[in-house]
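Residues per chain are reported as follows:
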Amino acid sequence: MAGQERRIDDTILIREAQRGNRAAFEELVRHYDQAVLRLALHLTGAEHDAQDVYQDAFLKAYKNIGSFRFECSFYTWIYRIVTNLCLDHLRKKNVRKEDAPVAKDGNGGEYNLLEQVPDGRAGANPERDLMRRQLEARISGALEKLTPRERMVFELKHYHGLKLRTVGEILHTTEETAKNTLFRATQKLRGALADMR
Amino acid sequence: MKCEWVRENVTLHVYGELADDARHELEQHVARCADCAAELKAEQEFHALLSQERAAEPTPNLLAASRMRLQEALETAEQGRFWHRLAFDPANWLRQVRFSPALASVILILGFAGGVGTSYKVFVHQPSGLGVSPAPASASNDASITGIRSITQEPGTNKIDIKYDTVSTLETQGSMNDQRIQQLLLFAARNNYNSGVRMDSVDLLTQKPDVSQVRDALIYALRYDTNPGVRLKALDGLGSFVKDDVHVRDAVLEALVNDSNPGVRTEALRLIEPVKADGSVRGVLMTLAAKDQSTYIKSQARTMLAQLPEID
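Residue numbers (our numbering), protein chains in the order written: chain A, 1 to 197; chain B, 1 to 312.
For reference, chain B alone in the conformation it holds in the complex (with noise of 0.2 Å):
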């Protein structure tokens, strides 16, 4: 009986998945039983060429490949139903639309000038007396077309009737103060692919932290932007936001204990200096003096933490 028990854990206790109790248990006997040794030698030699075999690592091209194809398909792709997700979590849904009215005048900007771009270039390309507008060709030149509306034929004649979207590049210019540059800057520290972009876009934005809207795209640039440049510009842009701005705070502390980049924790290190003395700073500092992987980090607070008064 025992040494059917141990023939049926003996695969277990390879991959260490008994309990201690059992272990010990399945040990003790196969130090006393010669056959069950032997089984427990050949799994382990079975372990051992199973074990040549790695499974593969995908290579860093298939990965890159895989991310941009995700990429692509997310654009077009649509989360649960709209009404689902208000349902359930209206407040959230709130704070997701504060930013509207920037994203909508972006919008209605690019789509009034689209509209406006294809229409004169119809109106003015119309020949008098020509049923066939020669227009698309030349619209395309400086305006991308990026959907078809509705192709019509008047019935009875050779006139085509072509409705379509166009996205074109605009230029608007002003200072930091006109409203539109700022609302162009909001959208562009979050949605652009281009990291220099929102590098410049954050850059400029730091200028006005007193702002909220700003204050809230700085925080969300240090939250969530995938490049440290960005993400230590917007830290930069925060620092003297640190001592009252309880959110400020706390996304400083985020970026502190859960940043990739050595550099923007050092930054968000530095910053909180000043608040050291507050109950959350002062755990988290806590925990980096006492497990922080980083050396640099972990001396750092300690240090920060020795400056401080006792409390009971």
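So here's chain A without its partners, still in its complex pose (with noise of 0.2 Å):
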């Protein structure tokens, strides 16, 4: 029941938007923006670059909103657009990934220096805090080295707890293709923890 009404309250706010009403608009921003900043921010790891995505994103949908038609829920249009913006961002990270300030560990493999600077906040417990902060930066590791779209799908599967099928619908692609890039992703995600477990 409280999705259909969200769903009926969305309707009223986006007629109110597509007739330039941008108090409406600004209420739906606020219905979806915690979640759009929480995506952001995971995927991009940086909260500059999770702003710049949820700016570009809300303006985009702005700008767009009088093409809205209705033939998918707002959350599915939203989610789109910030699943592009931030594919595209994990794309040319991936690109830039080159430039990062890299060394070796002790077994060949490579670290991103900057993970490595200490979190000034001070910690309950020092030594749980530091196995956190390892086991953080290890599966942060793991994800990066996913493709774009298999980070994506995990990420909407993981850790928002999206339906396959919606995930689909906002990728533009089929439920089938998600359970296989879900299963693609865990299975190199296994790989890569397999020495954690």
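Among the hints, a few may not be true.
[Stated by the list, open to error] Cut-off 16 Å, straight-line C-alpha distance, at most; resulting in silico cross-link-like pairs (EDC-like, lysine to aspartate or glutamate):
#1 A:Lys188 - B:Glu78
#2 B:Lys2 - B:Glu25
#3 A:Lys188 - B:Glu8
#4 A:Lys60 - B:Glu78
[What the hints assert, rightly or not] Restraint ranges, calculated between C-beta atoms of paired labels, are given here:
#5 B:Glu273 - A:Lys92: 57 to 63 Å
#6 A:Arg91 - B:Glu45: 30 to 36 Å
#7 B:Glu171 - A:Arg91: 53 to 59 Å
#8 A:Ala46 - B:Pro274: 54 to 60 Å
Simulated from the structure, these hints should not be mistaken for laboratory data.
The structure presented is a predicted model; accordingly, all values stated were derived computationally and were not measured.
Cβ coordinates follow ideal geometry from the N, Cα and C atoms, glycine included.
From the two separate chains plus the hints, produce the assembled complex.
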């Protein structure tokens, strides 16, 4: 029922926004912007990049809301815009990666020096905090080895809990393809993190 | 073959993405096959390992900063071409321009006053016999310069001509019957970023709910104002029209179903009491009585329904 109410609510706001009502659009933004920012933040890994994706996504939505025809939910539509922007960002990041300040660890594996800078926040348990940070760094490194599309499917499924059918809709593909992509992504991640289990 | 199928689908199983029959089949197989049981366990452990790292929620500061930045950008952003929207939905366009006279009047008043103020300053301070006017420095004391339109220098002289726009703060007084006061209040109710000003304007507008433009502004405030206090004020002003105006009734029902504030919802529920026998109201009450998350709303809806005569 909540979903249906949200949809009715969104429909009114979208129609108002299509008539040029900026306040209605801003209200619509508030329904989705936390999820959008969370996705952008996790995928880009940097607050300023996440803010850029957020800004570009909603500006694009505002400029094109006149062409929204209610063929899918606004949720799917805005996620489609955000995921496209994030995919572009990931692709550019992959190209730039060669310039990142990398070093070799004891096993010959590469790690990003910037990720090793200690976090200034005080933790209740420094040892546990260190382990958590190491785990995060490993997972983050493994996620970065995925292709942008694998990364996106994994992100939407694992961290955002979306159904694969929705993921397929967002990425303009089939549920079956999304399933295969998720399978490939988890296989790669399992391989990369095998020693951590 | 079966083991291969299980290995391919164990990820989907862990993520709850397998169809019921396939899930049953997989579970049956795993119960008999040690290798596949080990594979499932490994996948579950891996899933648990990854779940230790959760996607960080953006901080409230980051969210607030992003919203502010977007708001600024939206002020200068343009939607798709105007004629495009016009061609697609002329009826909506007509509804949209209903308030244009009020807006146009306000813009005209501000523009006229700003223009007069600027000309006055330039005229008063222009010293005779000198080619340079000191006006801009003093003009900026009581009027903000919003843009420079042109800068020209007369050839062969040192006289510089600058055309610029200003916005100045003006004051007007009048009663609620004064049309200009009403127009300004209508503008403030919809467009002011200060919720205190919106609250004051909506409060005053509730004195004139019989004027259709005022009623529309109250409905707008009830639907879209972000401040629950303003929405409550709008509800107060609309209360007496729930019975006779179907648009008001719909807006109050919307608030009852969708509003995020329990106080607004409770007030909306109180207002629809006199029209609880109406078909649309009854439908909403039945939904609320069956499923609403608020125990109070649910029980009140049930009580109101119980007071209604049964219908076949």
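Against the structure, the hints:
Between lysine 188 of chain A and glutamate 78 of chain B the CA atoms are separated by roughly 44 Å; this puts the pair beyond 16 Å, and the hint is violated. With a C-alpha separation of about 10 Å, the suggested pairing of lysine 2 of chain B with glutamate 25 of chain B holds against the 16 Å cut-off. Distance hint between lysine 188 of chain A and glutamate 8 of chain B is fulfilled; the C-alpha atoms sit about 14 Å from each other, no more than 16 Å. Straight-line distance between C-alpha atoms of lysine 60 of chain A and glutamate 78 of chain B comes to about 10 Å, which keeps the hinted pair within the 16 Å bound.
Separation of glutamate 273 of chain B from lysine 92 of chain A is about 59 Å and conforms to the stated range, judged on CB atoms against 57 to 63 Å. For the pair arginine 91 of chain A and glutamate 45 of chain B, the supplied restraint of 30 to 36 Å holds, since their beta-carbon distance comes to about 32 Å. Between glutamate 171 of chain B and arginine 91 of chain A the beta carbon distance is about 56 Å. The supplied range of 53 to 59 Å therefore holds. Against the hinted window of 54 to 60 Å, the Cβ-Cβ separation of alanine 46 of chain A and proline 274 of chain B comes to about 56 Å, which satisfies the hint.
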